[in-house]
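Residue numbers (the working numbering), protein chains in the order written: chain A, 1 to 176; chain D, 1 to 214.
Simulated from the structure, these hints should not be mistaken for laboratory data. All of these numbers come straight from a predicted model, not from anything done at the bench. Keep in mind that the hints are not guaranteed to be accurate.
Unchecked claim - Quick list of the computed label-pair ranges, beta carbon to beta carbon:
1. A:59 <-> D:62: 19 to 25 Å
2. D:208 <-> A:107: 44 to 50 Å
3. A:106 <-> D:156: 48 to 54 Å
4. A:163 <-> D:191: 31 to 37 Å
5. A:150 <-> D:208: 19 to 25 Å
6. A:143 <-> D:119: 34 to 40 Å
7. A:137 <-> D:126: 18 to 24 Å
Unchecked claim - Subject to a maximum C-alpha distance of 25 Å in a straight line, what follows is the list of computed DSS-like cross-link-like pairs (lysine-lysine):
8. A:150 <-> D:112
9. D:66 <-> A:42
10. A:105 <-> A:150
Backbone N, C-alpha and C fix where the C-beta goes; we use that ideal spot for every residue, glycine too.
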Amino acid sequence: MTKFLFLIILFTSSLTFGAFTFEGSWVLSESTMTYHVTHLLKKTEGTSHSAKGKGKCDKSGDCEFLVAVPVKSFDSGNSNRDLHMLEVVKGAAHPMIVAHLKIHKNSGEAEIEFAGVRQTLEIKDIQVTDQKDKSFHVILQLPIVLSQFKIERPSLVTVAIDDNTPVSIDATWRRQ
Amino acid sequence: MLNKKCLKKDVPQMPQLLTWTKSYLSVLATVILSTFTFSAYGVDSSLVPQAQSQKNELQLEDLGFKPEETAPDLGLQLRLESRTNKLKAHQVTGLVTLAIMTAAVGFSGEVKQNDIHEVLGGTAAATYWTTFYLAESAPKPPGVVDRGLNIKIHKAMTWIHAPLMILTPIVGLIAQNQLYSGYNHPPAGDLKDILGITTFVSYAIGTTVMFIEF
Chain A
1 MTKFLFLIIL FTSSLTFGAF TFEGSWVLSE STMTYHVTHL LKKTEGTSHS AKGKGKCDKS
61 GDCEFLVAVP VKSFDSGNSN RDLHMLEVVK GAAHPMIVAH LKIHKNSGEA EIEFAGVRQT
121 LEIKDIQVTD QKDKSFHVIL QLPIVLSQFK IERPSLVTVA IDDNTPVSID ATWRRQ
Chain D
1 MLNKKCLKKD VPQMPQLLTW TKSYLSVLAT VILSTFTFSA YGVDSSLVPQ AQSQKNELQL
61 EDLGFKPEET APDLGLQLRL ESRTNKLKAH QVTGLVTLAI MTAAVGFSGE VKQNDIHEVL
121 GGTAAATYWT TFYLAESAPK PPGVVDRGLN IKIHKAMTWI HAPLMILTPI VGLIAQNQLY
181 SGYNHPPAGD LKDILGITTF VSYAIGTTVM FIEF
């Protein structure tokens with residue numbers, strides 16, 4: 001009888017701890033955001049770890065997040081390029097990039113406010129890994145197209161950079 | 001008599017007047033109260049859910065950024081635009097200078113035959129100092145520290161080619177005077193060659209390094 005009870009307790013506790021639910025409030029604990037610029041002569045990247053975010057998920061797994069990052073926090077390893085980027089994306093006049101994310105399972109949409117322009121983008125292939133009771137890790141890519149945000153593409157030796165400048169996001173969320 | 005009777009019957013008596021007035025006032029009060037109630041209800045129904053939805057929706061202010069981080073700085077934006085414009089012009093005049101310098105080096109062997117080297121050298125000096133001015137006058141926001149190996153090399157090379165761009169033309173003029181004075185092989189000529197080549201090489205490194213990603 002004791003053994004039987006022990007087994008029941010073990011089984012129910014394993015079910016309880018094993019089931020992961022997104023329901024609840026979340027806060028961004030760690031993040032890496034990287035923009036990828038492609039030019040005929042070279043490829044460059046700029047990274048920021050300064051994003052902040054909060055979000056909520058309901059029982060069905062639908063989540064809404066608000067994530068924001070200061071434009072000037074992106075570091076490409078070259079101060080000249082960073083200042084030029086800040087100018088091109090009107091980063092002093094519009095210092096924040098704000099994203100309202102609506103996610104359901106592995107896809108969703110993001111309303112991005114960037115360079116004073118608001119655009120809604122579709123997000124595909126959202127990878128959610130390391131789901132623990134109090135945190136989860138998410139990797140996604142925002143398909144940013146500069147012309148959609150009325151950003152004049154910078155050029156080097158009269159050749160402009162590629163219009164597609166995807167931003168990859170690697171973020172860890174923890175329960176609030 | 002008949003008329004009097006009629007009048008007596010038609011004209012309302014005092015208690016009847018009071019009753020009418022009471023009913024009129026009660027109807028009026030009902031109308032006023034209901035108007036207030038419905039209008040008040042109308043205001044509530046339009047505002048309360050909106051206020052609630054705004055409260056539920058996350059705002060940028062909820063994320064905990066400092067006010068100075070989220071506040072726009074239009075002055076900085078203007079300075080950055082001015083900086084970009086000057087550095088774009090710096091890039092163009094810099095490449096033009098490199099082309100003219102290359103041509104001047106190419107024509108250095110014909111110094112005794114024609115003045116092409118001198119003209120090209122003079123033009124290179126003019127475009128060089130224009131390039132220099134554009135870089136130095138480009139406003140840089142306070143607190144920005146130079147990062148990136150290419151920009152560091154680019155600026156380090158300036159310490160070599162900028163003094164040489166003063167010295168080389170002076171030595172060149174001395175060598176030219178010696179040539180006109182009858183020297184077949186002017187003594188300052190060799191020094192001019194060394195200075196000229198060093199200027200050209202350091203300038204070429206400083207320029208091309210900007211197109212290389214380390």
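- Hints breached by this structure: Structure breaks hints 4, 5, 6, 7, 8, 9, 10.
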